[in-house]
Amino acid sequence: SQQGEEDPQALSIQEGENATMNCSYKTSINNLQWYRQNSGRGLVHLILIRSNEREKHSGRLRVTLDTSKKSSSLLITASRAADTASYFCATDANSKLTFGKGITLSVRP
Amino acid sequence: ETGVTQTPRHLVMGMTNKKSLKCEQHLGHNAMYWYKQSAKKPLELMFVYSLEERVENNSVPSRFSPECPNSSHLFLHLHTLQPEDSALYLCASSQDLKGGAFFGQGTRLTVV
Numbered sequence: 001s002q003q004g005e006e007d008p009q010a011l012s013i014q015e016g017e018n019a020t021m022n023c024s025y026k027t028s029i030n031n032l033q034w035y036r037q038n039s040g041r042g043l044v045h046l047i048l049i050r051s052n053e054r055e056k057h058s059g060r061l062r063v064t065l066d067t068s069k070k071s072s073s074l075l076i077t078a079s080r081a082a083d084t085a086s087y088f089c090a091t092d093a094n095s096k097l098t099f100g101k102g103i104t105l106s107v108r109p
Numbered sequence: 001e002t003g004v005t006q007t008p009r010h011l012v013m014g015m016t017n018k019k020s021l022k023c024e025q026h027l028g029h030n031a032m033y034w035y036k037q038s039a040k041k042p043l044e045l046m047f048v049y050s051l052e053e054r055v056e057n058n059s060v061p062s063r064f065s066p067e068c069p070n071s072s073h074l075f076l077h078l079h080t081l082q083p084e085d086s087a088l089y090l091c092a093s094s095q096d097l098k099g100g101a102f103f104g105q106g107t108r109l110t111v112v
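Sequence lines, in order, name chains A and B.
Under the working numbering, the first residue of the first sequence is numbered 1, with each subsequent residue one higher.
Under the working numbering, the first residue of the second sequence is numbered 1, with each subsequent residue one higher.
These aren't lab readings, by the way, just hints derived from the structure by calculation.
Keep in mind it's a predicted model, so treat the numbers as computed, not measured.
Glycine included, each C-beta is placed from N, C-alpha and C at the ideal position.
Any given hint could be a false lead.
Unchecked claim - Beyond 12 Å from chain B on every Cβ pair, some chain A residues (computed):
{"hint": "1", "residue": "THR27"}
{"hint": "2", "residue": "LEU48"}
{"hint": "3", "residue": "ARG60"}
{"hint": "4", "residue": "THR77"}
Claimed, not checked - Label pairs and their calculated CB-CB ranges:
{"hint": "5", "chain 1": "B", "residue 1": "SER20", "chain 2": "A", "residue 2": "SER95", "range": "20 to 28 Å"}
{"hint": "6", "chain 1": "A", "residue 1": "ARG60", "chain 2": "B", "residue 2": "HIS77", "range": "39 to 47 Å"}
{"hint": "7", "chain 1": "A", "residue 1": "ARG60", "chain 2": "B", "residue 2": "HIS10", "range": "29 to 37 Å"}
{"hint": "8", "chain 1": "A", "residue 1": "GLU55", "chain 2": "B", "residue 2": "ALA39", "range": "28 to 36 Å"}
{"hint": "9", "chain 1": "B", "residue 1": "HIS26", "chain 2": "A", "residue 2": "LYS56", "range": "26 to 34 Å"}
{"hint": "10", "chain 1": "B", "residue 1": "THR16", "chain 2": "A", "residue 2": "ARG60", "range": "44 to 52 Å"}
{"hint": "11", "chain 1": "A", "residue 1": "ARG108", "chain 2": "B", "residue 2": "SER62", "range": "44 to 52 Å"}
{"hint": "12", "chain 1": "A", "residue 1": "GLU15", "chain 2": "B", "residue 2": "HIS77", "range": "39 to 47 Å"}
{"hint": "13", "chain 1": "A", "residue 1": "HIS57", "chain 2": "B", "residue 2": "GLY3", "range": "21 to 29 Å"}
Unchecked claim - Distance condition first, Cα-Cα at most 20 Å in a straight line; then the derived DMTMM-like pairs of lysine to aspartate or glutamate:
{"hint": "14", "chain 1": "A", "residue 1": "LYS96", "chain 2": "B", "residue 2": "GLU53"}
{"hint": "15", "chain 1": "B", "residue 1": "LYS98", "chain 2": "A", "residue 2": "GLU55"}
{"hint": "16", "chain 1": "B", "residue 1": "LYS36", "chain 2": "B", "residue 2": "GLU24"}
{"hint": "17", "chain 1": "B", "residue 1": "LYS36", "chain 2": "A", "residue 2": "GLU5"}
{"hint": "18", "chain 1": "B", "residue 1": "LYS40", "chain 2": "A", "residue 2": "ASP7"}
{"hint": "19", "chain 1": "A", "residue 1": "LYS96", "chain 2": "B", "residue 2": "ASP96"}
{"hint": "20", "chain 1": "A", "residue 1": "LYS101", "chain 2": "B", "residue 2": "GLU24"}
{"hint": "21", "chain 1": "A", "residue 1": "LYS96", "chain 2": "B", "residue 2": "GLU56"}
{"hint": "22", "chain 1": "B", "residue 1": "LYS18", "chain 2": "B", "residue 2": "GLU67"}
{"hint": "23", "chain 1": "B", "residue 1": "LYS41", "chain 2": "A", "residue 2": "ASP7"}
{"hint": "24", "chain 1": "B", "residue 1": "LYS41", "chain 2": "A", "residue 2": "GLU5"}
{"hint": "25", "chain 1": "B", "residue 1": "LYS98", "chain 2": "B", "residue 2": "GLU53"}
{"hint": "26", "chain 1": "B", "residue 1": "LYS40", "chain 2": "A", "residue 2": "GLU5"}
Let the sequences and hints guide you as you build the complete structure.
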């Protein structure tokens with residue numbers, strides 16, 4: 001069954017703006033991960049946040065995790081056209097990664 | 001380059017063919033995975049290997065047969081596939097079963 005569910009399904013923003021993507025899940029997790037996928041290619045691991053962490057940063061990425069609400073958000077600041085891709089959240093529960101359907105982000109130059 | 005290499009990148013096969021997908025990782029990881037990605041569906045976990053032992057088989061039909069001869073290589077043997085098996089097949093590896101996964105570029109499979 002699907003664990004992570006991203007929101008919105010698609011997002012279009014102007015270069016330089018911030019992009020916020022959300023993920024909700026249903027069961028307890030060990031960690032939550034965000035991945036990026038360019039069209040027709042493999043996924044690239046972006047960031048992992050553990051269940052006892054609330055916020056994590058990596059470059060222009062900021063991830064938050066609220067285990068009480070079973071939700072996470074990925075913020076990409078100062079977006080670039082190269083950030084155009086699909087973004088997936090994946091939850092790790094019992095050493096099994098379950099992915100959502102993904103969010104399509106388009107960054108207009 | 002993620003350190004995970006999949007071959008071939010594209011494969012077209014008939015329903016009576018037998019073919020194999022190959023995945024190789026040079027990261028020293030202990031866990032390897034096969035995922036299936038179909039259009040408009042979440043990524044589906046197919047198989048998980050940890051230290052060359054299969055630890056997860058996600059109700060995958062027997063026409064898909066994985067093989068992990070050593071910790072660096074993973075194969076997916078295909079036989080008598082159906083057109084609905086057409087998808088992007090992704091291999092991934094991770095240090096252990098709890099860390100972030102590194103994905104290959106995938107094999108785009110078309111069954112005709």
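Structure-based check of each hint:
Every CB of chain B lies more than 12 Å from the CB of A/THR27, the least distance being 15 Å, so the non-interface label holds. Remark: the non-interface label on A/LEU48 conflicts with the geometry, its nearest Cβ contact in chain B lying 5 Å away (cut-off 12 Å). No beta-carbon of chain B comes within 12 Å of the beta-carbon of A/ARG60; the shortest separation is about 18 Å. The claim that A/THR77 lies off the interface holds: its Cβ sits roughly 21 Å from the closest Cβ of chain B, which is beyond the 12 Å cut-off.
Under the hint 20 to 28 Å, the C-beta atoms of B/SER20 and A/SER95, about 26 Å apart, fit the expected range. For A/ARG60 paired with B/HIS77, a C-beta distance near 42 Å keeps the hint of 39 to 47 Å intact. For A/ARG60 paired with B/HIS10, a C-beta distance near 33 Å keeps the hint of 29 to 37 Å intact. The beta-carbon spacing between A/GLU55 and B/ALA39, approximately 34 Å, falls within the hinted interval of 28 to 36 Å.
Between B/HIS26 and A/LYS56 the C-beta distance comes to about 27 Å, which sits within the given range of 26 to 34 Å. At roughly 50 Å, the beta carbons of B/THR16 and A/ARG60 sit within the given window of 44 to 52 Å. Under the hint 44 to 52 Å, the C-beta atoms of A/ARG108 and B/SER62, about 47 Å apart, fit the expected range. Separation of A/GLU15 from B/HIS77 is about 45 Å and conforms to the stated range, judged on CB atoms against 39 to 47 Å.
Distance hint for A/HIS57 and B/GLY3: a CB-CB separation of about 24 Å, consistent with the stated range 21 to 29 Å. Taken as a hint, the A/LYS96 and B/GLU53 pair is honoured in the structure, with Cα atoms around 15 Å apart against an allowance of 20 Å. Taken as a hint, the B/LYS98 and A/GLU55 pair is honoured in the structure, with Cα atoms around 19 Å apart against an allowance of 20 Å. Simply put, B/LYS36 and B/GLU24 have alpha-carbon atoms about 17 Å apart, close enough for the 20 Å limit, and the pair holds.
As the CA atoms of B/LYS36 and A/GLU5 are separated by approximately 18 Å, the hinted pair is consistent with the 20 Å bound. Straight-line distance between C-alpha atoms of B/LYS40 and A/ASP7 comes to about 14 Å, which keeps the hinted pair within the 20 Å bound. Between A/LYS96 and B/ASP96 the alpha-carbon distance is near 11 Å, which keeps this suggested pair within the 20 Å criterion. A C-alpha spacing of about 26 Å is found between A/LYS101 and B/GLU24, which places the hinted pair above 20 Å, so the restraint is violated.
At most 20 Å may separate the alpha-carbon atoms for a hinted pair to count; A/LYS96 and B/GLU56 meet this at roughly 9 Å. The straight-line distance between the Cα atoms of B/LYS18 and B/GLU67 is roughly 15 Å, inside the 20 Å bound, and the hint therefore holds. Between the alpha carbons of B/LYS41 and A/ASP7 the distance comes to roughly 15 Å, so the proposed pair stays at or under 20 Å and holds. For the hint pairing B/LYS41 with A/GLU5, the CA-to-CA distance comes to about 11 Å; that is within 20 Å, so the pair holds.
Proposed proximity of B/LYS98 and B/GLU53 is supported: the alpha carbons are some 16 Å apart, at most 20 Å. Between B/LYS40 and A/GLU5 the alpha-carbon distance is near 13 Å, which keeps this suggested pair within the 20 Å criterion.
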